[in-house]
Amino acid sequence: MSEYILLRHRDIPDLDRLKVYLKNGGFEAWKKVVTSMEPAELIQLAKDSGLRGRGGAGFPTGMKWSFVPNNLWPHYVVANADESEPGTFKDREIMESNPFQFLEGLMIASYAVQAQNSYAYLRGEFWQIGLKLNQKIAELEKAGFLGDNLFDTKYSLRLHVHMGAGAYICGEETALLESIEGKLGQPRLRPPFPAVAGLYASPTVINNVETLTNLPPIVQNGATWFREHGTEKSPGVKVFSLSGCVNKPGNYELPLGTPFRKLIYELGGGIPEGRAIKAIMAAGASSALISATEAALDTPMDYESVANLGASLGSASVIVLDESVSMSWLAQKTTHFFKHESCGKCTPCREGTYWMAHILDRIEDGGASAKDVDLLFTVARQMQNKCLCALGEFSTQPVVSSLEKFRSDFLARVDGQTR
Amino acid sequence: MPKMVTLTIDNHPVTVPQGTVVVDAAKKIGVDIPVFCYHPKMEPVGMCRLCLVEIGRPMVDRATGQPLMNEDGTPKVQFGPKLETGCTTPVSEGMVVHTQTDGVTSARKDILEFLLTSHPLDCPVCDKGGECPLQNLTMRHGPGNSRFLFDEKQHLGKNIPLGELIYLDRERCIQCARCVRFQSDVVDDPVIGFYNRGRKLEIMSNSTPGFDSIFSGNTTDICPVGALTTADFRFGARPWELKSAASICTHCPVGCNLTVNVRREAKSGGDVAIKRIMPRQNESVNEIWICDKGRMAYHYAESKERLTSPLVRKGADLQLVSWDEALDLAAEKIRSAGQLVTLAGGRLSNEDLFNLVQVTQTVNGRALLYTHMAGGDLVARYGLPEGSDLGALGKGDAILVIASDLHQEAPVWWLRLKQAAKRGAELIVLNPRETRLDKFAGHVVRYPYGQEVETLSAFLPGAQVPEALQGVVSAFQAAENVVVFYGSEGLGLDGSQAVAQTAAALVFSRGKTGQPNNGLVAVWPNGNTQGAWDMGFKPSADLASAVRTADVLWAAAVDPAGDDPALAEAVDGANFVIVQELFLSETARRADIVFPAQSFAEREGTVTSGELRVQRYYPAIRPDANTRPDFAISAQIGLRLGLKLETSVPSLALLQAVEKVPTYTGVNYQRLAEVAEQWPIFGRKDMYYGGTGYANSQGLGVKLALAADGINPHAAKESAGMPPAAVNGLVLVPVTRLLDRGATVMPSTLLHQRLADKVLQLHPRTAEKLGLNADGDVVVAANNWTVEARIQLDEKVPVGVALAPRSTGFPVSAPLAAAVTSRVAVPEV
Amino acid sequence: MNELLAKYPTEIKAILAKYPPEFKRSAVMPLLHLAQGDPGYITPQAMQDIAEICGISITEVGSIVGFYTLYYDKPLGRYHIQVCTDMPCALRGADKFLKELCERLGVKVGEPTADGLFVIEEVMCLAACHRAPMFQVHGDGDLVYHEHQTVDTALAVLDALRQKAAVAEEGKE
Ligand SMILES: Cc1cc2nc3c(=O)[nH]c(=O)nc-3n(C[C@H](O)[C@H](O)[C@H](O)COP(=O)(O)O)c2cc1C
Ligand code: SF4
Ligand code: FES
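Chains as they are written, first to last, in my numbering: chain A, 161 to 579; chain B, 220 to 1048; chain C, 13 to 185.
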């Protein structure tokens, strides 16, 4: 019996082969929903399970589905497999090794909103995975799990893989839709929300790969079973991508609410060379830094508890920073990422990331003064609450929080001081 | 009537239609929320973030749905945690907007500072300096200095030609995407776009030629910085040195309102010279847009080739003479003429045309309109009456366009019909080949050239409707209001007469003549063809013989000899030729007397648009001292014949005309100068809102009354048809291209790369049948002429015909059978 | 003549079938991937062909090429060796790895090797943070990850590519 719910391939060899997947209960959930469940029932099940989106915002999945209006057709479901947040590599493992469970999840979500064509948007760098998913989809069509009149019902479904081409912003759901539509990946104004006017102006559900991968077990085992894991408000398990200054980086599937300490020290093997931990980023490069106090290490990793630390769990991409890391270097790295990935549509993000990166370069090069450190802070604050989408906001998080918590790291670089 | 919504902005209540966005609502009560990316003519995108304001909404008790009240009885208002973009937020009942709080002003300052971090601040050498939204808004709302380090500014390309007409300064661009959105959303020419992303976003064009759009100049008006400039104006002058004169474009029947910007210049001997042409707002005509022909084809007015003195033929030569000598001679010739034929063109003003007619009639001469298009009398009776506005057509209305490539013949009408279709109007396009209007039409009907009437007749009541047309005909009949446009695609005078009559009958049959948004519109070849009809000119079915047999030919603003060898021969046949012209045209070269006339830029006048709107243009530059306006020339001849015509004040000449032309009753220069408030509010100091085009303070024009007489115009029985093609030959059909090689276009050398060439377009199969090579040189022969030309293969051209663009060197004024042979071969005669 | 359509008729048909017929524009990204495969970059002709297939302007196609980092509109190195030096990888030595790799190859970032076969590039996070240093090889219409790298293993990867390219060249002759 497998311990894993999402990373089941770690227990079951060759789970990416259809035969093996079927032998292990594969597509039973799919058959069940298509042949015996009303879409509304399925949406209720998702609501009851308390499943929340694993793409970052933690929005309740069942609720998201229920926003799709039934007087506007067609509907679409799009799997967000853009996974480009620095420090995040969970969707990749799921799609590489447990592809059928992900596809089955996408199919279940499609059925929930009666979409007949659904897309998986993969970042372009996942080229190999894209090829693999295309193969799997072809197998499913051949096996009768996809296509017209499934299981002799009226329901028909087709899946399509759409490859991105290198743009983090396409993980933002409206930019992603623009990208599928063959346009620049720039976010749209909201409202209207995708649930009402999404892909091709039709109602569209966008769910993260991991969110979708939770669906087959939920259908099979029920909402109560799902709630046995995790916390009251953050039920279920989550794949934590652990990276940075740890001995055993990698993906860890744990119940939501597991403390940081367990992930970093018990499973992750602690900090290399016995150095001291300095800070944690819980949501990849977009994180506000968490000072690695004892209390912080004991904080349960669920959406609410991490928010109480002034940070957010996001996609649970835990990057560990130890005492050897200068936060001014860190801010420079993250800022360059956001500067590179800013789509350029809105002024504060386009100009602010550019400006911050410049100041940080100057600081790291030893050409700055303490006044520049202050300027950096005001520039970051100046961006906040003004951007069109969350990317700009994300970019300020590591900068503002590192300046608030580790200002001395920056001051150690000013006035010509070098490393 | 949309639902009205009341909100409060900076403590002022304002009531606006539902759907209005906050910045527009504020504008209505004079509160200026600064914007960059927002433009009132385009969908909001909320990109620049300059318009951030505080927005509060009344709180509602969740349980009861009742509004929550403060203790003092006022509704409780909840403000969001963040500022919101006023340009994207629609108003709602009870909304409270603050645009002047500390939070708002500091956010504005922040955004401006961000924009300035990348800006070169080269205002002293920037064409936009002085009328730059970024400059103005920075002065008003921006930070006093920049905290950004200038040595770290990025430097980007300057003076980059996007095409030969529009230049880009990459450093100045603030990535507002107004230009990109205008090109793709407003005019459907997505020929410029962004390249790269983030701070590296830059405007680029991949089209051939670069920035390939006939509307490109408009982007330089709406660009809120000096990033886009026209090759015509850049480095030409500082905006504050410019003076302006209101004008009207006379290149096509739309009658776009213009502002001519002038400045004193050394090159004009210290006199004023035209620096640029800008759009002037008239929401019922051109809104705030003009096409590139209207913007850039004005240089003829200042051409060195202009005539500057009267000429009289003495012996073999035309010699300089005094005005009196030339006028006396002309009057004497006209008085004693057995048959006077006066031939005038639709470029002239109503005053010019009226006076020409008066003189002509006193000697029982014929006043002939030089045109290939008929129906002005019908438009005067069944045209679009007062209260009509193409900008108001939408759901429930039908617009039928037959035999016109509107994008090329009247670009701004094309734009307005496209928009009407978007608002829900039923757009029906009937044309033998694909045009740029098809894409927006609900129904497209193809017919072979020469089958116009047969096709259009299906829409008449009681007609036998072919199966294939049943859907479109019933859509047309179901419409509340109906506007019918007819053009001259592939038609000569006979052909267009038949179409005009049938189209008029169609309009008449609906019984709504004289009601707003119902009527007939002719897509005339010139800016004042309608005025020419109204003033009494009529075309002739056999122009060549009328000219040839004239005792005196009096030609004003036309060049028959230059257009067609047959007409040149006819001109040579006339006994005596008098010409009023701007240039020494082919006809003028053959004349006995040549009068130097004045262009629209040098004088006043009125013109009548295809929508029956009389509009007034004003003098912008000083005329050459020895030239005279056409109305004065004819009046001075008239004086010598004992006529009392106005020789110096055009407004008085119009008053005389009005007495004789009933539909013009009540039209006078004062009324033509009247203005009313328009929406969007446009062209004030806050030009950031709508662009640098001009507000209209000199007149919106006057709509004519219809010559409504209740007479059924009777549809034509059949089309004029096509001439039979000879063996090994084909039929040339004339089509109109916007940028042709006419006398008023050629002097604008900037446009030369975009002019239509002497190229016959034909279907590959037609070429194959004639044994012609693709894109090869050919000899075209018909009647008594031969011209050398090139052919271009295009699958969109119907088989068996070749498209011959007008005014490019093909003497084709109506469908014409011709032999087309490869240039290497000997042409068959 | 649409050269792309002539070269890949079935592939293009399959791509178009993925999207509703009235939204052909959606095919622009897959078509760019397809067109880039063989010459290694998007030629002006390919841009024209794609514009035609998708019913959009060549400027709009160029705009897409400019926005996304995996499309190249100039030929530059047959294989793009894209090393992730983003923060998580950098914490595991990616910056040092890149520097040494360049030194061993005698090139700078962004400059092609003398034989024109490789260009080393620095890229942002590739979702392989736990297996740094790592790089991806983009070329020949393929994109392959190489994780847990040392400079020596990386050079071996490049050697193998060089051999593959040579064999392919011989095949052509
Ligand atoms: C800049 C930015 C990047 C994002 N990247 C991703 C991503 O790579 N994958 C993802 O699933 N969600 C990403 N998101 C979140 C999505 O917008 C969206 O919330 C999510 O896909 C919804 O799925 P879920 O409800 O299943 O979490 C990103 C959001 C932003 C603002
Ligand atoms: S060129 Fe002008 S209109 Fe176009 S994006 Fe730049 S600033 Fe805006
Ligand atoms: S965001 Fe409102 S004007 Fe630009």
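No lab work stands behind these hints: they were computed from the structure. Possibly wrong hints are sitting among the right ones.
[As the list claims (entries may be wrong)] The calculated lysine-lysine pairs, modelled on DSSO-like cross-linking and capped at a C-alpha distance of 30 Å, are: (1) 314/A with 183/A; (2) 25/C with 314/A; (3) 314/A with 36/C; (4) 86/C with 30/C; (5) 191/A with 179/A; (6) 292/A with 192/A; (7) 658/B with 25/C; (8) 486/B with 247/B; (9) 179/A with 30/C; (10) 36/C with 343/A.
[As the list claims (entries may be wrong)] Beyond 12 Å from chain A on every Cβ pair, some chain C residues (computed): (11) 21; (12) 37; (13) 76; (14) 156; (15) 164.
Just so you know, these numbers come straight off a predicted model, no measurement behind them. Using N, Cα and C, we set each Cβ at its ideal position, and we do this for glycine too.
Hint numbers the structure violates, sorted upward?
8, 12, 13, 14
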